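There are 2 protein chains.
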Amino acid sequence: MVDEPAFIQSLRALATHPAARGLADDAAVLEIGGETLVLTKDMMVEGVHWPREQSLADVAWKLVAVNLSDLAAKGAEPVGVMLGYALGANDAAFLEGLREALDTFGVPLLGGDTVATPGQRTFSLTAIGRATHAPVPSRGGAPAGDGLYLCGLVGGAMMGFEALTGLGEADEAPFTRPTPLLAQGRALAPHVSAMMDVSDGLLIDAWRMAQASKVTIRIDSTAVPLAAPEARRGDALRWGDDYALLFTASSDASLPVEAARIGTVDAQGEAALQIDGEWLSGPEGLGYQH
Amino acid sequence: MVDEPAFIQSLRALATHPAARGLADDAAVLEIGGETLVLTKDMMVEGVHWPREQSLADVAWKLVAVNLSDLAAKGAEPVGVMLGYALGANDAAFLEGLREALDTFGVPLLGGDTVATPGQRTFSLTAIGRATHAPVPSRGGAPAGDGLYLCGLVGGAMMGFEALTGLGEADEAPFTRPTPLLAQGRALAPHVSAMMDVSDGLLIDAWRMAQASKVTIRIDSTAVPLAAPEARRGDALRWGDDYALLFTASSDASLPVEAARIGTVDAQGEAALQIDGEWLSGPEGLGYQH
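Chains as they are written, first to last, in the numbering used here: chain P, 178 to 467; chain E, 178 to 467.
Hints are computed from structural coordinates only; laboratory data are not their basis. None of the values given here were measured: they were computed from a predicted structure. Some hints here could point you the wrong way.
Claimed, not checked - Listed next, the stretches of chain P that the computed footprint assigns to chain E, with coverage defined by at least 3 CB atoms under 8 Å from CB atoms of chain E:
1) 204-216
2) 219-231
3) 253-267
4) 277-290
5) 299-309
Said to hold, decoys possible - Distance ranges between label pairs, derived from CB positions:
6) E:208 with P:360: 17 to 27 Å
7) E:391 with P:210: 29 to 39 Å
8) E:367 with P:283: 30 to 40 Å
9) P:267 with E:458: 32 to 42 Å
10) P:210 with E:228: 37 to 47 Å
11) E:293 with P:445: 29 to 39 Å
12) E:348 with P:412: 52 to 62 Å
Even for Gly, the Cβ is constructed at its ideal location relative to N, Cα and C.
All chains should be built: construct the whole structure from the sequences, respecting the hints.
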């Protein structure tokens, strides 16, 4: 999975509206009628974002969960979702998973579109949320001197994926049924200087936060809380899909939820990221890029 | 192209939120912070919603236009769009068409998602609008006694499609570069009892309006203004993609924009639709169903 940076950069160049953080920052933030709306849109493609072994009920759940995770990272509460659905086999399973996710997270389905596709199916979801704190956290606000924290674990989705695809034995749920940390995101929003969800891997996402904040982030890899065996620590830091919240906050902040301190924000140095004292100059090999 | 009614019905059953008109009525209507938001989502699939001959610049334009047409039918002004884009060939052409459409209609790109797809590409767009009139028009409000009107022409997209695919000679633009009637929709909103855009064909959409309003709609087919030769009138009434506005209003209403009276709303009779005195009991053969 390789980015097409020219296209993305061109899209960003098109997105000149002040609300248009959605291409660089997972969610758009829009002031309207005295409220601050947060809008996210994530797509999932058959054979790319889910393996053949995964049931469509789980795919539906995940489609909802990954979008709500983007809202969680903004401290936003969900208002509703719009579904884009490609009809095909196992529609009933998709519906069941969709119903479970919407019920579990208390989010209404507002509308959407269905289409017939001849090939791989693509599902998309737009989630609309209401910000609960201003300013709305972004990945670009981390100042030198702050601590780097992780709320949640990493590695569980990797273990779950391996179990699902017959490569290991573990609970599949962290991969198939991730939980967006909505309550934690809302609780944290007033306390953080920067926040994002870890969707593509802890290291690549930390690298993005450092780039957006124009700082260097130093990570102590042994401090990262794992949902995987210690022997898999290196892999767990590079695997995505865990939807933990990565954030920065003042070192003396009294945090309202449990979070592990995993690093420090420094003034911009030789590179964006330093892991256990080693510089990492680019995003190559750090995680899932798209 | 056949519906999967069971799935759609199940989705609608899931959409129990008062704002969830989006599955039955093209757009969701959401009260938030003293504003009324209108949300629409349309997808376009390669090989289904556009022919091989169509440039991706035109596809991008159309993706924006069809969503804005849903806002037009609600009398809403666009606030922004979120794009779901499958990367592939001719991304630059897509970008150019997207830029032209956003510039022409004065709508900002707020964010979105890009994915890689191995097969047919699916694009999706969510448009966010702000209602300018309350109540927001829907397709369900037509009362017996009102007149049925059309703002815009039908048949032009059919002629354009035929020209594009080498079957005829005509201006391709009505098919490739449709114009959402945003100003007309806003002007009409305070005057209409029901309104929708004609996306799938005049007859099928009139049938849907009659069903939603629990009335019978009688159409005088000779009164329908055409952008096609008279000999093609029957086809033009069944072809979609014209994005005219179909609405009902009191017979003595002073309409702020040009519109043709093409029929009458009656109390629910033998069937939902009567064309030139003939009953049409079901939607079969009336237009594009999806």
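Now the hints, each set against the structure:
{"no.": "1", "hint": "204-216", "in the structure": "holds (count 9)"}
{"no.": "2", "hint": "219-231", "in the structure": "holds (count 7)"}
{"no.": "3", "hint": "253-267", "in the structure": "holds (count 8)"}
{"no.": "4", "hint": "277-290", "in the structure": "holds (count 7)"}
{"no.": "5", "hint": "299-309", "in the structure": "holds (count 5)"}
{"no.": "6", "hint": "E:208 with P:360: 17 to 27 Å", "in the structure": "holds, 25 Å"}
{"no.": "7", "hint": "E:391 with P:210: 29 to 39 Å", "in the structure": "holds, 33 Å"}
{"no.": "8", "hint": "E:367 with P:283: 30 to 40 Å", "in the structure": "holds, 36 Å"}
{"no.": "9", "hint": "P:267 with E:458: 32 to 42 Å", "in the structure": "holds, 33 Å"}
{"no.": "10", "hint": "P:210 with E:228: 37 to 47 Å", "in the structure": "holds, 41 Å"}
{"no.": "11", "hint": "E:293 with P:445: 29 to 39 Å", "in the structure": "holds, 32 Å"}
{"no.": "12", "hint": "E:348 with P:412: 52 to 62 Å", "in the structure": "holds, 58 Å"}
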